[in-house]
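*Asks:* Residues 1 to 74 in UniProt numbering are what the sequence shown lists, from first letter to last.
Accuracy of the hints is not assured; some may be wrong.
Here are the simulated lysine-lysine pairs, DSS-like style, with alpha carbons at most 30 Å apart [said to hold, decoys possible]:
no., residue 1, residue 2
1, Lys30, Lys48
2, Lys42, Lys30
3, Lys28, Lys51
4, Lys42, Lys11
5, Lys48, Lys28
6, Lys7, Lys28
7, Lys28, Lys42
8, Lys30, Lys11
9, Lys51, Lys31
10, Lys48, Lys31
11, Lys11, Lys28
12, Lys31, Lys11
13, Lys31, Lys42
If you're looking for bench data, these hints aren't it; they were derived computationally from the structure.
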Amino acid sequence: MEAYGAKLGRKYCDLEHRDFRECLTGEKQKKRAEAIAAQRRKLYREGKLDKPFLEDHPQPGHFQTDHFQWNKIH
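Based on the sequences and whatever the hints tell you, model everything.
*Replies:* Right, here's the structure in full:
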C-alpha cells in the first residue's frame, strides 16, 4: 500500500487488505460455522436428522488448533 499511497492503495490493495482483516477477525469462518449449525438445526426440525449435533464435537470456544500437528518435536 505504501507504493501506491493512501488513495490508490485502497483501490489496488483492497483484496490483500480484506484477506488480512479476515485473518485477524475470522469473520467468514464464524459465519460459515453459524450457517452449518443453522442448516443442521433445520434438518433436525424437519426430522431428517436424529440429533441436531454430533455428541463428540468440541464445545463452542473450547477447540484449540494444534498448529504444530505436522511438525511435532519428540
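*Asks:* Evaluate each hint against the coordinates.
*Replies:* Hints versus structure:
Simply put, Lys30 and Lys48 have alpha-carbon atoms about 25 Å apart, close enough for the 30 Å limit, and the pair holds. A hinted pair counts as satisfied when its Cα atoms are at most 30 Å apart, and Lys42 with Lys30 qualifies at roughly 18 Å. A C-alpha spacing of about 26 Å is found between Lys28 and Lys51, which places the hinted pair at or below 30 Å, so the restraint holds. Taking the CA atoms of Lys42 and Lys11, the gap is near 40 Å; set against the 30 Å cutoff, the hint is violated.
Of the supplied pair hints, the one linking Lys48 and Lys28 holds, its CA atoms being roughly 27 Å apart against a limit of 30 Å. A C-alpha spacing of about 26 Å is found between Lys7 and Lys28, which places the hinted pair at or below 30 Å, so the restraint holds. For the hint pairing Lys28 with Lys42, the CA-to-CA distance comes to about 21 Å; that is within 30 Å, so the pair holds. Restraint check for Lys30 and Lys11: the C-alpha separation of about 27 Å stays at or below 30 Å, so the hint holds.
Restraint check for Lys51 and Lys31: the C-alpha separation of about 22 Å stays at or below 30 Å, so the hint holds. Taking the CA atoms of Lys48 and Lys31, the gap is near 23 Å; set against the 30 Å cutoff, the hint holds. With a C-alpha separation of about 22 Å, the suggested pairing of Lys11 with Lys28 holds against the 30 Å cut-off. For the suggested pair Lys31 and Lys11, the alpha carbons sit about 26 Å apart, so the restraint of at most 30 Å is met.
Of the supplied pair hints, the one linking Lys31 and Lys42 holds, its CA atoms being roughly 16 Å apart against a limit of 30 Å.
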